[in-house]
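Fit chain B to the given chain A structure using the hints.
Order-wise, the sequence lines are chains A and B.
-10 is the number of the first residue of the first sequence in my numbering; add one for each residue after it.
3 is the number of the first residue of the second sequence in my numbering; add one for each residue after it.
Keep in mind that the hints are not guaranteed to be accurate.
Said to hold, decoys possible - Which stretches of chain A does chain B cover? Using the computed rule of at least three CB atoms under 8 Å from a CB of chain B, they are:
1. 39 to 49
2. 102 to 109
3. 148 to 160
4. 165 to 173
5. 249 to 255
Unchecked claim - Derived Cβ-Cβ restraints for the label pairs, each shown as a range:
6. V97/A / G267/B: 43 to 49 Å
7. E92/B / Y18/A: 33 to 39 Å
8. F31/A / E421/B: 30 to 36 Å
9. E417/B / R(-7)/A: 55 to 61 Å
10. P284/B / L305/A: 29 to 35 Å
11. P284/B / G161/A: 55 to 61 Å
12. V97/A / S346/B: 50 to 56 Å
13. K290/B / L332/A: 51 to 57 Å
Treat the hints as calculated values from the structure; they're not laboratory data.
A virtual CB, placed ideally from N, CA and C, is assigned to each residue, including glycine.
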Amino acid sequence: MLYRESGDFKTSYKADNQTFPIAFDRYRYWVVLAVAYLVIPFVITDYWASAILVPFLIYSIAAIGLNILAGYCGQVSLGTGGFMAVGAYACYKLMTAFPEVNILIHIVLSGGVTALVGAAFGLPSLRIKGFYLAVATLAAQFFLVWLFNKVPWFFNYSASGQISAPEREFLGVAVTGPNTSAWASYLVCLVFVTACAIIARNLTRGSLGRQWMSIRDMDIAAEIIGVNPLRAKLSAFAISSFFIGISGALFFAVYLGAIEVGEAFGINKSLLVLFMVIIGGLGSIFGSFAGAAFLVCLPVILKLIGVDLLGWPTDLVAHLQLVLIGFLIMFFLIKEPHGLAQLWNVIKEKLRLWPFPH
Amino acid sequence: MKMKSLIALALSSAFIATPAAADLVIPDLSYRTGPYAAGGTPFSDGYQDYFKLLNKRDGGIGGEQIRIIECETGFNTEKGVECYESTKGEGALVYQPLSTGMTYQLIPKATADGIPLFTMGYGRTSAENGAVFRNVFNFPVNYWDGASIAVKYLKDQHGGSLEGKKITLLYHNSGYGKEPIPTLEALAAKHGFKFKAIAVDHPGQEQKSQWLQIRRERPDNVLMWGWGVMNQVAIQEAANINYPMENFMGVWWSGAEIDVLPAGGASNGYKALNFSPIKDYPVLEEIKAMGDLTGDGSNVGSVIYNRGMLAAMLTSEAIAKAQEIHGVSEISAPQLRDGLEALSVTEARLVELGMGGISPEFSVSCQNHGGAGQAIVQQWDADAKVWKALTDYISSDQDVIAPLVKSDSEAYAAENKIEAGC
Chain A
-10 MLYRESGDFK
0 TSYKADNQTF
10 PIAFDRYRYW
20 VVLAVAYLVI
30 PFVITDYWAS
40 AILVPFLIYS
50 IAAIGLNILA
60 GYCGQVSLGT
70 GGFMAVGAYA
80 CYKLMTAFPE
90 VNILIHIVLS
100 GGVTALVGAA
110 FGLPSLRIKG
120 FYLAVATLAA
130 QFFLVWLFNK
140 VPWFFNYSAS
150 GQISAPEREF
160 LGVAVTGPNT
170 SAWASYLVCL
180 VFVTACAIIA
190 RNLTRGSLGR
200 QWMSIRDMDI
210 AAEIIGVNPL
220 RAKLSAFAIS
230 SFFIGISGAL
240 FFAVYLGAIE
250 VGEAFGINKS
260 LLVLFMVIIG
270 GLGSIFGSFA
280 GAAFLVCLPV
290 ILKLIGVDLL
300 GWPTDLVAHL
310 QLVLIGFLIM
320 FFLIKEPHGL
330 AQLWNVIKEK
340 LRLWPFPH
Chain B
3 MKMKSLIALA
13 LSSAFIATPA
23 AADLVIPDLS
33 YRTGPYAAGG
43 TPFSDGYQDY
53 FKLLNKRDGG
63 IGGEQIRIIE
73 CETGFNTEKG
83 VECYESTKGE
93 GALVYQPLST
103 GMTYQLIPKA
113 TADGIPLFTM
123 GYGRTSAENG
133 AVFRNVFNFP
143 VNYWDGASIA
153 VKYLKDQHGG
163 SLEGKKITLL
173 YHNSGYGKEP
183 IPTLEALAAK
193 HGFKFKAIAV
203 DHPGQEQKSQ
213 WLQIRRERPD
223 NVLMWGWGVM
233 NQVAIQEAAN
243 INYPMENFMG
253 VWWSGAEIDV
263 LPAGGASNGY
273 KALNFSPIKD
283 YPVLEEIKAM
293 GDLTGDGSNV
303 GSVIYNRGML
313 AAMLTSEAIA
323 KAQEIHGVSE
333 ISAPQLRDGL
343 EALSVTEARL
353 VELGMGGISP
363 EFSVSCQNHG
373 GAGQAIVQQW
383 DADAKVWKAL
393 TDYISSDQDV
403 IAPLVKSDSE
413 AYAAENKIEA
423 GC
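If we strip away everything but chain A, and leave its shape as in the complex, we get (with noise of 0.2 Å):
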């Protein structure tokens, strides 16, 4: 019934090949944009946009960063939060060095600094796989932030060795420090996820998203058939590492405003975005945003039910979130190992049969 697919003909490639070709999801894809565009700016408070909704959004293209890498392309890392900090120091060092220019191109420029970042640790990709390749770039994870904690440039110098973002307008409307409204710092990060989401999914439905799959699925059969493992590899560890980096960009500047490096970007935050991949759903677009609420709201709702609604003890509501948390982890890897995504997709078969199955 809520998937009419009758008289819904392609009638050329393009069509045929769109990104969503059941007109249904189509439709909804707008909705959600609409809704997401032109509803939530204006009904949003900092409540919302502090805890829920941006958060949600800049972890979202750090889980389609990481998809890109260990979903799509199957290299393993586990140095998210280490190229996320490379995303926040580039974009405070360009911040502070240029403040004339526009802090949208910053973050713009923070991911591609990143990307150079991320494909020199991808180098040894090309030579090691799986479990090996997780701890070279738990290397990258550990080095990076103890970089940022021991070089006085990177936090300019500060007694504290924080770094805190100054404010930054754009079209007069700030959209860093603290005087920024909920409504700009919430609109600023649905734009990079837009923007991420369609370069992300056109890029892995493309060429260069076929060699990766090719490169995840054998990487020697891939070899045969004339895929270049360096090129491929290196390229997804690039890319990757791009998204990830406006991730970490818009986590300082937007979201938090200060950072202490080793806190906000230590081993936790890499564990945490594989967690959201690992449970939306490995080489899926929309599974990266599944994991990211999911990682995300999850705690805020606990918080709600437990502390707000039942009275209980904060710190029994806490424990209990790790419990529950890694309770679902496992649950997920052997109910659904292809997570919330997969979950989604077979719902979705059986609501395009419904209400006559087979």
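Structure of chain B alone, referenced to chain A:
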């Protein structure tokens, strides 16, 4: 489709978080979980218990009940932001995040929202310049005072000169731990000692290489800026390499019972600074008699508990002051800011409150949000399991600190285009 469920969620949260009316709302951003819970729990217990006592004994402050909203941060800035945003709308009067990282985060936000930030003995040191940091208060003492007091004490211990001595700082590799480094460098230049800083990464459970370095270099004194589990590990490691405990001294966040007890007898003689000395305060008896204690009640009278109680007491005094200045009992956050700025603590008042000697005497002014800048040195007696005060309140060396505060706060003002007030 995800967005829709998000909106539903946000809507439901908006319904749940309906503000209650007419109370003095004090959020308590506590951390009772994670590697820093050892310090976060007693502080939060003390902070809440004192407000509970006021509610029960005096019917609140000026006839207004105090409502505490506890929010677990786990010492994590992201959760801290969530806590700040979720409590701000309830009419929060003052924030006490007990985390230097979170303080740095909240300084611009709270200033933009007009809510005072009371970071007692932590946070951004240069915030003591009230002309620039109008909404931030860090009295009675701050990290740079702490560094100076420690060096002053060590100078006395070494017979009046530190020439050629080696002093090593073991610090938590974060904004908190890095705060004293510029001061100690300036003091090293002034007093002629050799200064070295050794970082310990979060959370601080692994310190073998740092202590190996200390063992090799044999510094005359080791200072520590640690918190949470890092303190316990450091004291144990010091005992393992037979470093003389009496030459090892922590800042006030590294000098609680919980830090020294795990090492047992080996921690005997460890020293720490403190600005809220351990004494038999009469108010503790009142709290114990009150019943219904926050947490399990086992922390009453411990170092960090007393400090949480002191923070609550100073806040309540400031609320009373604000009520007096503005002539209303139901004050707002900007009015409390005025109260904090007019606060004056005298020994007579402390005795009246049943906690004589818990804080040095000081008064806050528009220019000076930093207070007394005094602390004592205390030493752990492992047999009796008590902290013994070795000195009276020692004042910091303002000749060194004042220029540092001035330059750092002016740099902040320039960076953020703040016009100095007062």
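For each hint, the structure was consulted:
{"no.": "1", "hint": "39 to 49", "result": "holds (count 6)"}
{"no.": "2", "hint": "102 to 109", "result": "violated (count 0)"}
{"no.": "3", "hint": "148 to 160", "result": "holds (count 7)"}
{"no.": "4", "hint": "165 to 173", "result": "holds (count 3)"}
{"no.": "5", "hint": "249 to 255", "result": "holds (count 5)"}
{"no.": "6", "hint": "V97/A / G267/B: 43 to 49 Å", "result": "60 Å, violated"}
{"no.": "7", "hint": "E92/B / Y18/A: 33 to 39 Å", "result": "38 Å, holds"}
{"no.": "8", "hint": "F31/A / E421/B: 30 to 36 Å", "result": "33 Å, holds"}
{"no.": "9", "hint": "E417/B / R(-7)/A: 55 to 61 Å", "result": "59 Å, holds"}
{"no.": "10", "hint": "P284/B / L305/A: 29 to 35 Å", "result": "33 Å, holds"}
{"no.": "11", "hint": "P284/B / G161/A: 55 to 61 Å", "result": "59 Å, holds"}
{"no.": "12", "hint": "V97/A / S346/B: 50 to 56 Å", "result": "53 Å, holds"}
{"no.": "13", "hint": "K290/B / L332/A: 51 to 57 Å", "result": "54 Å, holds"}
Comparing the model with each earlier hint shows violations of hints 2, 6; every other hint is respected.
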